[in-house]
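Read off the chains here:
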Amino acid sequence: MGAGFGRVFGGLGASSTSGGGVGSAVPGARRPGPGEDAAADLVVEARDLCLRFGGVTSLDGVSLRQRRGEILAVIGPNGAGKTSLFNCLTGAYRPQHGTVTFWPTPDRPAQLVGRRPHAITRLGVARTFQNIRLFPALTALENVQVGIEMRQRYGPLSAVLGLPSARRAERDGVRRALELLDLVGLAHRAHEVAASLPYGEQRRLEIARALGTGPSLLLLDEPAAGTNPAEKRDLAGLIGRIAATGMSVLLIEHDMGLVMSLATSVAVLNFGRVIACGTPAEVQRDPAVIEAYLGVGDDGPDAGGATGKELR
Amino acid sequence: MGFLDQFWQLSVDGLMVGSLYAVIALGYTLVYGVLQLINFAHSEVFMLGSFGGLFAARALLPGDGSVPGGAGSIALVAVGLGAGAACGGLAAFTLERVAYRPLRRRAAPRLAYLISAIGASLFAVNLAGKEFGRQNVDLPDLFHNGTVFRLFGAAVSTQTLVIFAVAVAMLVGLDRLVAGTRLGQGIRAVAQDADTAVLMGVNVERIIIVTFVVGGLLAGAGGFLYAMTFNASYSMGFVPGVKAFTAAVLGGIGNVRGAMLGGLLLGLVESYGGYLFQASYKDVIAFGVLVAILMIRPSGLLGERLGRAA
Amino acid sequence: MSARPRTLGASVLLGLLAAVVTGPTGDSDEPLRAAWDSIADVRIVLFLGLAVALWLVLVLGPRLRGLVAAVTAPPRRRLTAATLTMTARRSVAAAGRRGRTVAVGGGLLAVAVVAPLVVSTAAQQSMVNDIGIYALLALGLNVVVGYAGLLDLGYIAFFAIGAYATAYFSSSTAMPWHAPFVLNPFFVFPIALILAALAGVVLGAPTLRLRGDYLAIVTLGFGEIIHLVANNADGITGGARGAFGVPHLSVHLAGVDYAWGIDPLPYYYLLLVIVVGVMVAFGRLERSRIGRSWAAIREDEIAAEATGVATLRMKLLAFALGASVSGFAGVLFASKQFFNPQSFSLQASFFVVAVVIFGGMGSRLGVVVGAVVLQGLAFYLRDKVQPADRYIYFGAVIVVMMIFRPQGLVPSRRRRREIELSEAGVGAADSLGSATPTVVRP
Amino acid sequence: MRRRPFVGAVALAAVVALSATACGSSGGGSSSGKETITIGFQGVLSGDNQQLGLNALYGIRTAVSEVNADASSPFELKLVESDDGGSPDQGPTAAQKLIDNSKVVAVVGPMFSGATKASEPAYTQAGLLSVSPSATNPSLTKLGFRTFYRVIAPDTVQGKAAADYLSDVLKARKVFSLDDKSDYGTGLSAALEAELKARGVALTHDGINPTKDYTSEATKIIAAAPDVLYYSGYYAELALLSKALKEKGFTGKIVSGDGSLDPQYVAQAGKAAAEGTYLTCPCGDANSDPNAAAFVASFKKVNNGAKPGTYSGEAYDATMALADVFKKLGKGADRESVLKAFGSVNLQGITKTVTFEPSGEVKGSNVFIYQVKNGSISVLGNTANLIRS
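Top line first, the protein sequences correspond to chains A, B, C and D.
Just so we're aligned, residue 1 is where the first sequence starts under the working numbering, counting upward by one.
Just so we're aligned, residue 1001 is where the second sequence starts under the working numbering, counting upward by one.
Just so we're aligned, residue 2001 is where the third sequence starts under the working numbering, counting upward by one.
Just so we're aligned, residue 3001 is where the fourth sequence starts under the working numbering, counting upward by one.
For the record, the hints were derived by calculation from the structure and aren't laboratory data.
Fair warning: this is a prediction, and the values are worked out from it, not measured in the lab.
Positions of the beta carbon are idealized from the N, C-alpha and C atoms, including for glycine.
Don't take each hint at face value.
What the hints assert, rightly or not - Heads up, simulated DSS-like pairs for lysine-lysine below, C-alpha to C-alpha not over 30 Å straight-line: (1) C:LYS2384 <-> D:LYS3301; (2) D:LYS3160 <-> D:LYS3373; (3) D:LYS3300 <-> D:LYS3271; (4) D:LYS3174 <-> D:LYS3373; (5) D:LYS3271 <-> C:LYS2384; (6) C:LYS2384 <-> D:LYS3103; (7) C:LYS2384 <-> D:LYS3300; (8) D:LYS3327 <-> D:LYS3078; (9) D:LYS3307 <-> D:LYS3246; (10) D:LYS3271 <-> D:LYS3248; (11) D:LYS3307 <-> D:LYS3271; (12) D:LYS3034 <-> C:LYS2384; (13) D:LYS3142 <-> D:LYS3363; (14) D:LYS3363 <-> D:LYS3160; (15) D:LYS3034 <-> D:LYS3246; (16) D:LYS3078 <-> C:LYS2384.
Claimed, not checked - Chain B stretches covered by chain D per the calculated footprint, using a threshold of three residues with CB under 8 Å from any CB of chain D: (17) 1009-1018; (18) 1150-1161; (19) 1234-1248.
The following block holds chain A by itself, in its conformation from the complex (with noise of 0.2 Å):
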């Protein structure tokens, strides 16, 4: 409970990014108001999921908006339903209730709930994972290079015979996944096994896989979680950059600094439901949220997270 909730805010003073406008989730969950920024250009609109494992419900009616462009930054202390709120999205769990709507185009949206992962990711959601996920035993540019190449078309007739299609598919792979690792600073590992890799370093990878799917949306599940300082700082400057091109983050971050900073908005969830929402300075006088945050007890938000205890 060390952590005082001044600490909690007390910034990072990395640059901040600023894209969107105010962060649009929607506390009070049940009722989105009908034509309450109608007129915005979301990316993703969660409605009034919920999430039940056998008696635990994990989402109770969560609503979410986010715009184009925007770094919408997720926190709440641990159990607070961020993570099944990502699974949510990116279709490795089904929710009993609600729906996921996702603007691949501004014109074009598709409904998310139901659909497998890879198709979810085809449609242009990427993630990360909390715990790194990484293929461990393939190279950091074959690591990218899945990524980039479920876009491709070429089958096994033409991958066995070598025809010129599939070569230039494969060697566009290969040039598109060196650019992500320049990207993401890895350039000069690429032939290294990706287990191999340093921690903040796998972070990194694990983003230019998801870079190479080709998303309009990014899912960073804590990012910086684990990282030292100066890799926090450079993991910062990435996310920036990335955003910086129109892409479209939502972060769960424990690392309020690093939230701050980034964030265009930030959603505060609590016992699986949104309890409040908003740029980071309306978040952070809320009194709903620093009550949840002082209320946890024990496992309260480990203040600026560095120490990465609460990854297990």
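Guided by the hints, dock chains B, C and D onto chain A, whose structure is given.
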């Protein structure tokens, strides 16, 4: 003549065989629950147990081919069961030591265990054939009073009754063991989460050995029951082994009660199927039912957690 | 120090076991007689001597090791940062390695071309029936087990489909049920390929969602069903009588007339061409996006799915590809010789799995070497031990091999990395997960 | 576990060394100055049916040792074994093994029809005589294998005679014909059923793969209430079936064929269950025929007390017929001359008189009926005579 006339008789037949499948299936399920490993050599544990029990019982039989009958026969069954269980347990212990433990120490990929088991199985089958001959070995019927009572018109012989009763007693006993004792607690703990179990002070190595041995004891005793009616031979393990494994999966591998249910069900399906169609199609029917059930319930009839079984 | 008496005990037990294994044959009237006779015999001195020698070697081993290690296999690498960096450097040096691979491959190919010329006809026969066919089967199953990480225990069923398709299409006498026309077996190759692949899809589509072990039992059931139906459907397949009279392969093309016959050698070279072709084709596949997708599925299915890999479809593809190779082999087998349902037993399926794992799953060269070594061993043992005892030795060799080299004879680079990593507790070596509760890892 | 690879190498070496010590123990060298003639045996020496292979092998060994013990014999026989596991896959290799050995001038085998069909093309090509003691599939002599002979009558002969006996002597009106779904079993049941059908006997057919559990099959048979159950298959399964039927109180008669004519049938079924079972066989039975007592005695002596079983007598006869030909040919018997001379062999064997049709089929086989009486198999007589009387 119709199927319905024979329904009860076929049910009795099916339940007797099914109870034996269930006893063997427990060995698969226990080991699977703890190690997530298909112990393909379990069928040979069963075979060795059945030889052990059979030879012990034969050694005690009078040489003139007569059987004592009554209490004497019951005692013989007890001796056979004991010897079978002992041999089965020893075989399972040896198997774990020789074919599995070294692999576990090396954290070998799971398929390596499978192949090691196939190798061990080949070794055991053919060595048994060498040592005990390749003929089927008969145990005279220990009970010769035939039908003891009729159940809805179906004849139930003493032999059937003894087999079914002992098998059910073992099933219930194991269920109690897993559900209600400290040992069972340990087994369930390892099955659910070995990492946590070790933190809680459970000796995982010991639990693994014990699990193998318990499975072996059951398979060995089951082997003797099997040999009482069906003779023993070096190659006897394979078919009931595959059947029992099927039964374990049918019920939800890793689930003790599922194995029992799966075994009985498989016995019944075979019995009915063999009657309704050409008997050589009964395995086709049995496997067909398995596939159909897995399509509908992908984790077997009762799901798959050993820990949840109790 | 207490380990030493225990090692001695184990060595002696091993010696006794060896004595029993090589001793006389017993029967059920005196079940322990044979074992006793083999132990209470002069020969036991030899075996105990060997046991003691083994013990000495084990005890003095660590000291001798330094000497011997230089001569024999290099010690297994421990997974350290250094190893991983080394692995990485090796990857960088991929180009240079390619050249070496080609050289090694060429050498092996030359051996494969010359080998049958210096052995007996019986050995040639075995090189076709046992090694060649099984190498082909293993290459196909390798796609399923080694690449996609799925366990298929009914693989031989597709082989049966290929064989029966050949009988159906290429002969009007082999089976009661036959096509209204007769095709040269060569034309049956594509048909069988497609039929087997279709069968793979039909079996796989509903079942591939099942977890590893459930898939294993369902495929096992499928294999048995095919086997039993082939044996029972007298009016269609000829049942247990089998299919006699499938014509040999023959070529009548642009002036070339050649017919394969009873002589195994021409079949050997045909098989060699096919095996090498399949190896090359699957090599390309492995290095393509498809191979990488399989690797991704194998290593982390959830991450693969999240990275957009259509896991189910890729698994189905692996299944169908594997099946089609098996069907292909079936045509070859059926046109080579008589077959009956015995050829498609469950044991045969197990044996193909054993070849793949023994050789090194995921490695094309490995599984072929696996077929050569295992079947070669079986052939070698024919004359060396009593036929009835052959499989005792065979089984023992498999167990010993798995204990000391669970990754197989020639593991693929990628698989070796995976296994090293899994031993170090990172990731999974196959999509079936590890059988080891993580805590017992050293 | 750092020293594992080294230990592994040692252990592997040990295994190889041990298996090497095990080899080469068989085969005695000939001490006398006699010519040595080598014959081969191809049969099922591994797998589930290996007992049948051993039965035959022991029969051959008995013959070989008798010939070699005979001082008047101008030659000594040497036996080379080749295992085909009873399966067509291994057949060609097993056959080739014997063909490659240029010393082998004739082969006893192959044993199973499937393996025969797979192996015989190679024998025919090599011109190496093969005499099967047990392959009964009727088609075998019609497939153009010029090197194929068999000392056992095809299924058709036995099936017809058995059917005649069932309907004429046992007066069966309703027969349950059960086969084991093997090549042998289906062939025999098909021949039997064809004849029974022609005679208007009511028939129920069923097939069951060899298993140990005949409980529900017994229920099925009893429910059909046949006068006679004819089982086409081998003794090990018939024994289990008899036990199951006995326990369920089957009152009909049990009849089976040559595959079950083995003292092991009684041993495995138990005397009570086996009692009264009829067995048909186109052969004389060594164990019950007083004329064959000498054979039984020498069989036991040669084979560590084992009793002759199914196919032992046939294998013995086949070997003796070969020896007879060698004797006639005198010195310099080779594959070609043996093959040429074998068709005209005429030898009183213990299972039958061995003479051949040009097709390689053994001539005029009498089918005998046996019955288990007082726990042992005894001969009732020749079907033709039994039906007449």
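Each hint tested on the structure:
{"no.": "1", "hint": "C:LYS2384 <-> D:LYS3301", "verdict": "holds (26 Å)"}
{"no.": "2", "hint": "D:LYS3160 <-> D:LYS3373", "verdict": "holds (24 Å)"}
{"no.": "3", "hint": "D:LYS3300 <-> D:LYS3271", "verdict": "holds (22 Å)"}
{"no.": "4", "hint": "D:LYS3174 <-> D:LYS3373", "verdict": "holds (24 Å)"}
{"no.": "5", "hint": "D:LYS3271 <-> C:LYS2384", "verdict": "violated (40 Å)"}
{"no.": "6", "hint": "C:LYS2384 <-> D:LYS3103", "verdict": "holds (19 Å)"}
{"no.": "7", "hint": "C:LYS2384 <-> D:LYS3300", "verdict": "holds (26 Å)"}
{"no.": "8", "hint": "D:LYS3327 <-> D:LYS3078", "verdict": "holds (15 Å)"}
{"no.": "9", "hint": "D:LYS3307 <-> D:LYS3246", "verdict": "holds (26 Å)"}
{"no.": "10", "hint": "D:LYS3271 <-> D:LYS3248", "verdict": "holds (16 Å)"}
{"no.": "11", "hint": "D:LYS3307 <-> D:LYS3271", "verdict": "holds (17 Å)"}
{"no.": "12", "hint": "D:LYS3034 <-> C:LYS2384", "verdict": "holds (27 Å)"}
{"no.": "13", "hint": "D:LYS3142 <-> D:LYS3363", "verdict": "holds (15 Å)"}
{"no.": "14", "hint": "D:LYS3363 <-> D:LYS3160", "verdict": "holds (16 Å)"}
{"no.": "15", "hint": "D:LYS3034 <-> D:LYS3246", "verdict": "violated (55 Å)"}
{"no.": "16", "hint": "D:LYS3078 <-> C:LYS2384", "verdict": "holds (17 Å)"}
{"no.": "17", "hint": "1009-1018", "verdict": "holds (count 6)"}
{"no.": "18", "hint": "1150-1161", "verdict": "holds (count 3)"}
{"no.": "19", "hint": "1234-1248", "verdict": "holds (count 4)"}
When each numbered hint is compared with the structure, violations occur for hints 5, 15.
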